[in-house]
Amino acid sequence: MNTDSIFSSLDISHYIYLSSVLFCIGLFGVLTRRNAIVLLMCIELMLNAVNLLFVAFSSYMGDSAGQLFVFFIMVVAAAEAAVGLAIIVMIYRNVRSTDVGLFDKLKG
Amino acid sequence: MKSLLIIFLGAIAVLFFGIKRPERKSLPIALLVLIAALVFIPLDWIAFIHKHVPDWQIKYVPTNMLSWDTPALAFSGVLILAAIFVLGLFSKNKLHGADLLGLMLFSVCGGLLMTSFSNLIMLFLGIECLSIPLYVLAGSRKSDLGSNEAAVKYFLLGSFSTAVFLLGCAFIYGGTGSLDLDSLARATNMLGHMGIKSQLVMAGLLILMVGMFFKIAAFPFHFWSPDVYDGSPNRATVFMATVVKIAAFAAFFRLFHYAFNDIKGWWAMTIAVVSAATILFGNIAALRQQSMKRTLAYSSVAHAGYMLMAILASPFDGFWALLVYLVAYAFSSLSIFFLLDRTSNGNEGFSFDNFNGFGRTNKFGSLVLVIGLFSMAGIPLTAGFAGKFGLFNSIIGTYPWLLVIALLGSAISIAYYFKVFKNAFFGGEQQGTKLELNLMDTVMLGLAVLVILTVGIWPTVITGLQIIPAP
Chain A
0 MNTDSIFSSL DISHYIYLSS VLFCIGLFGV LTRRNAIVLL MCIELMLNAV
50 NLLFVAFSSY MGDSAGQLFV FFIMVVAAAE AAVGLAIIVM IYRNVRSTDV
100 GLFDKLKG
Chain B
0 MKSLLIIFLG AIAVLFFGIK RPERKSLPIA LLVLIAALVF IPLDWIAFIH
50 KHVPDWQIKY VPTNMLSWDT PALAFSGVLI LAAIFVLGLF SKNKLHGADL
100 LGLMLFSVCG GLLMTSFSNL IMLFLGIECL SIPLYVLAGS RKSDLGSNEA
150 AVKYFLLGSF STAVFLLGCA FIYGGTGSLD LDSLARATNM LGHMGIKSQL
200 VMAGLLILMV GMFFKIAAFP FHFWSPDVYD GSPNRATVFM ATVVKIAAFA
250 AFFRLFHYAF NDIKGWWAMT IAVVSAATIL FGNIAALRQQ SMKRTLAYSS
300 VAHAGYMLMA ILASPFDGFW ALLVYLVAYA FSSLSIFFLL DRTSNGNEGF
350 SFDNFNGFGR TNKFGSLVLV IGLFSMAGIP LTAGFAGKFG LFNSIIGTYP
400 WLLVIALLGS AISIAYYFKV FKNAFFGGEQ QGTKLELNLM DTVMLGLAVL
450 VILTVGIWPT VITGLQIIPA P
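From first to last, the protein sequence lines stand for chains A and B. Quick note, the first sequence lines up with residues 0 to 107 if you use numbering that gives the first Met the number 0. Quick note, the second sequence lines up with residues 0 to 470 if you use numbering that gives the first Met the number 0.
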């Protein structure tokens with residue numbers, strides 16, 4: 000049995016569950032972790048879960064728009080990561096740490 | 000279409016021109032670019048109504064990604080106007096290089112994509128084009144810890160909410176098989192008429208709404224906005240409070256009225272409850288603040304609650320009410336933030352005491368302050384009243400309980416707006432920096448006051464415009 004038929008025999012619901020679980024792992028990480036770089040990675044995980052879901056739907060429905068969306072998400076995620084890492088470098092220079100828990104000056 | 004191209008090319012030009020020159024030398028170019036873009040909005044509008052525009056300009060080739068119909072042009076016009084005022088009134092810093100101006104222009108490009116999208120891909124690109132420059136703007140005071148904190152919080156929450164928004168898009172794509180607004184509208188029309196409860200679409204709608212609530216800072220998802228508004232430099236704060244709010248609400252309105260209007264029963268109640276909670280929470284939290292900048296941040300949360308009512312109203316009433324409200328809110332925020340910026344000593348200490356004795360020392364400034372505050376609080380004869388009246392009027396038949404809560408919220412809001420009023424006219428000795436206006440400031444503030452009063456007295460200058468809904 001070749002791999003092609005394994006994937007085509009999978010129901011779309013499997014992909015939905017898989018990407019939902021991946022998304023929730025990322026979500027859980029964002030809510031619990033305090034290191035800015037780990038948070039960035041968790042957000043990337045959430046975006047990739049969405050990418051997987053788009054590709055699965057796109058292939059299931061034979062419609063190319065979903066795959067087009069995935070390209071845009073990947074490009075924008077890269078731009079976002081670049082800006083995000085620059086911001087993290089900026090805060091590291093000031094406080095010598097990437098722990099977002101240290102940032103509690105603004106309150107009210 | 001032309002405005003977007005002009006601003007995009009202008010942003011690149013400003014970046015190159017400003018490499019070696021101080022920021023204030025690039026400012027006239029940036030303003031000129033925005034004014035040129037603004038001029039094309041009414042021209043496009045007239046051409047659109049008389050059907051003189053070639054199809055490729057209305058529906059951008061190749062695949063109908065953008066649609067410059069009259070509602071899109073109206074929101075774009077308000078957005079560009081607000082950007083002109085932000086740049087004109089808040090560019091007093093001595094920074095070298097025009098990168099921040101360029102970033103603001105790129106951000107406006109993203110805003111224009113959000114007002115005119117006709118495909119979810121473009122909405123996503125618009126949101127990101129708008130947000131990514133803003134993360135940098137929020138952190139543009141690099142050695143200030145407050146600004147750093149604002150940048151980190153805005154970045155993390157912004158990209159987090161984008162991921163949530165995208166998950167919603169993916170589920171809706173799975174449920175309807177389309178990302179295009181027209182095909183989405185056809186698909187939801189079918190679902191609505193046949194009474195099919197598609198679980199994918201319902202889950203997608205809910206997640207999409209959560210993503211949008213994050214973006215507009217509505218009640219359970221508002222917690223980032225006061226911190227970000229407080230920590231960011233004043234110019235970035237006022238940019239977020241005006242341009243970003245306009246773009247986000249235009250996009251929210253467009254998405255829900257164009258694509259999901261036929262399944263209104265699935266989402267209307269959620270938005271009504273969130274709107275009520277946002278109005279109550281925003282106003283009550285604003286009442287407890289000591290810092291004026293935070294008070295304005297919470298009041299902008301409350302204003303988002305009012306504007307959510309436009310999503311609940313019928314498309315036509317909702318559109319006009321939202322447009323008038325956005326004009327009112329943008330111009331009154333601009334004038335109050337401007338006075339706060341100029342009277343605060345340096346960049347710290349945004350307390351209400353800055354306005355002590357303000358009314359006695361500066362006649363023109365206090366006129367602007369009073370009219371701005373009246374408009375924010377929704378006192379008649381100002382644009383804020385016209386906007387609130389339009390919004391309340393558009394939902395009075397369908398959600399009377401929401402109207403009661405909104406009126407209660409308005410009553411609470413008067414308390415904290417009048418705290419400024421009281422300090423300015425009955426407070427003790429002046430503590431803030433003395434207000435010094437140059438010619439451009441005076442002209443721009445005068446125009447802002449003129450807009451607030453004109454729209455307040457004759458709302459028909461806006462609501463009398465001829466619109467054609469999307470083809």
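Treat the hints as calculated values from the structure; they're not laboratory data. One or more of the hints may lead you astray.
Claimed, not checked - Derived EDC-like pairs: lysine to aspartate or glutamate, alpha-carbon spacing no greater than 20 Å straight-line:
| hint | chain 1 | residue 1 | chain 2 | residue 2 |
| --- | --- | --- | --- | --- |
| 1 | B | K263 | B | D316 |
| 2 | B | K263 | B | D340 |
| 3 | B | K141 | A | D103 |
| 4 | B | K433 | B | D352 |
| 5 | B | K362 | B | D340 |
| 6 | B | K141 | A | D98 |
Said to hold, decoys possible - Which residues of chain A face chain B? A partial, calculated answer using Cβ under 8 Å:
| hint | residue |
| --- | --- |
| 7 | S63 |
| 8 | V75 |
| 9 | A77 |
| 10 | E79 |
| 11 | I90 |
Positions of the beta carbon are idealized from the N, C-alpha and C atoms, including for glycine.
To test your reading of the hints: which numbers does this structure violate?
2, 7, 9
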